Amino acid sequence: MPVIEVNHLTKEYRLGTIKSLKQTLLNTGARLMGKPVPERRLFKALDDISFSIEQGEVVGVIGHNGAGKSTLLKMLARISTPTSGSVKVNGRIAPLIEVGAGFMPDFTGRENVYLNGSILGMSRREIDRKFDEIVDFAEMAEFIDTPVKRYSSGMQVKLAFAVATSIESEILIVDEVLAVGDLAFQRKCFDRMEDVIRRQGRTVLLVSHNIRQVERMCSRVMLMSHGTILQDGDPHATCDRFYQLSNQSIRDQKAKDSSKRIISSGEVQNVEVAVLDQQGNSTDSLVEGSALRIRIRFSLNQPLSNPEFHVGTHTTDFVYLTGESTAVLGQSHGFTAGDHEIEQVIPAYPLVPGTYGIRFAVIDQRGRVVFHGESLRFFNVAAKSMDAPLQDELRLVGVPVQWKLQGTTYSHM
Amino acid sequence: MLTIAKNLYDYRELMATLAWKNIALRYKQAYLGIAWAILKPVSLMLIFTLVKSFVGIDSGNIPYPILVFAALMPWTFFQESTSEGVNSVTGNTALIRKIYFPREIFPITSVLTKLVELGINFLILAGLMVWYGMMPSIYILWVPLIIAYTVLAALSLAFFGAAINVYYRDVGQALPVLLSLLMYASPVIYPLQLVKDKLLVQRAAGEWSDALYTLYTLNPLAGIIDAFQSVVLRGAPPDLNAMIPGAVMIAILLPLGYLYFKRAESYFADVI
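From first to last, the protein sequence lines stand for chains S and G.
For the first sequence, this note's numbering gives the first residue as 1, with consecutive numbering after it.
For the second sequence, this note's numbering gives the first residue as 414, with consecutive numbering after it.
If we strip away everything but chain S, and leave its shape as in the complex, we get (with noise of 0.2 Å):
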């Protein structure tokens, strides 16, 4: 029997704010005598959710900002009532959801330790008996006898978490709190989580934005966006969607942020650049390792003679990676004013998976710039494969190896 099972769980927020109580009582009247009133907008937090967990699955639950988490937290923990669909949990649940909620300032630790524990449902023998043990875990026995206000915002979570995790409960709700402390208790935290999970053998939920916590502690993890359930398993593969989404949202944005940046003296003009795919049409994306094709059209309004061309990629945040120039050919050509196309192909563009932007210089054979510009326009570099995108953050650029291996040689590209 699942522990947890969730049914077409929706929950909808409205939009704005609660009116007063005068606009209330109008819109009721206005409501009573036939005529419209005006809605707030319903923002789905959560859309149609199903899912069920069974007895001591740990269950990591991860996604973006505003992705639903936190809301399906509150409705397993009862906090919140959905909207539609239902909710049934077999068992204790202790929603450990942001530690120190009641801690209250004036009471001494010892207090609030009595204080919290109840309120997260500990009776008073539990708290006696596990007392020594919380306190001592949370390296507080000095100022256990001080109030909570004078302790340093640390000291605090310390001795929220200890008393929040010595809950005997069949399951447990945890919401981003092992990041709490410095390092040694962080690593306190994740030892005292590990033998909870692993030893205790209880049904865990954990909501985290701490992927690779994640990823090690949980059976099974879920990968929520905009209130779904994009992804449900495996918790590699799952969280290595999770980087492939974010990292692609971060180029997104890099590339909405910068925008061209163009010196021009005003003869070059309609610059018009484009990259293109193996048939000749524009395209915005290649794929890893690929060749790269890119197209720039331009017109003059007077003639150029022997002008030197520049293009060049950089990335979002400006870093320049290749740049080659026409003035290696050697070759003179001269430009009539009018309109012309010029093309560069990179055979093998070895650029790891991102966005990338094309830069655009041109030089007059006096040496003077005529016209620069860069973010003329992006593209992506697509990885060739689904796996190992970690790899992503330790290169910039792939490149073809060969390997030896006791004795025999293998070739990657």
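If you are wondering where the hints come from, they were derived from the structure by calculation, not from laboratory data.
There's no promise every hint is true.
Examples of chain S residues toward chain G, derived with CB under 8 Å [claimed, not checked]:
1. Asp-106
2. Arg-110
3. Tyr-114
Simulated coverage check for chain S against chain G, where a stretch passes if three residues somewhere in it have a Cβ under 8 Å from a Cβ of chain G [stated by the list, open to error]:
4. 71 to 81
5. 121 to 130
Since the model is a prediction, treat every value here as computed from it, not as a measurement.
Cβ coordinates follow ideal geometry from the N, Cα and C atoms, glycine included.
Position chain G relative to chain S; hints supplied.
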């Protein structure tokens, strides 16, 4: 009904802890500490006694100060537990958004907290009785019942108020005004006997007198205060006729208030 009782039993330790928190919090760092609990009724008693010396209120054969103190005890308890109860949900926003337990625990705890202060006031009452040489009679055994009834009266208002206050904070603002009006409509400054004489004996409002008296006693505090004074000071049983309209009122309001509160409860975390 059973589930309510079970809930209350299951969460008794939490309620005790929260009540202890409320009391301790109130008097932490206050030099006079718990003495503040008696300061309010005692100072009101002194003021009313002073006023009485100007306007002349017939207090029967009981000294006015002790009569008014015996009225102020249930009144202050009712007034403070109601207003604390109404603000108890909005005052615990952090808890409501983070942890679930039955939300009626908040208003109930507020009322329980005030019971402790009421208990302290009994010491003052006892002192006054010794001072005036008054002996309690057997009827003093009614006191727990009367207080339990006052608790229910305070709760029925608190449930309604607390739930509405989450959506419209107007309630929290309006309540002190309403309660101070209610005080003048309750036999605090004057004994109920005066109202009875005016309406039932002198029939000051003609044929409307009986209806007016019933309307007056619809306020549960009318019966409560009079009953409290009777059993403690007059050595007489409570005037049940004065209590019935109010009791009917509470019997209707309390379940309604509770149901309304439970219905609104599930949206507290979203709205608060």
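What are the numbers of the hints that this structure violates, sorted from low to high? Of the numbered hints, just 2 does not hold.
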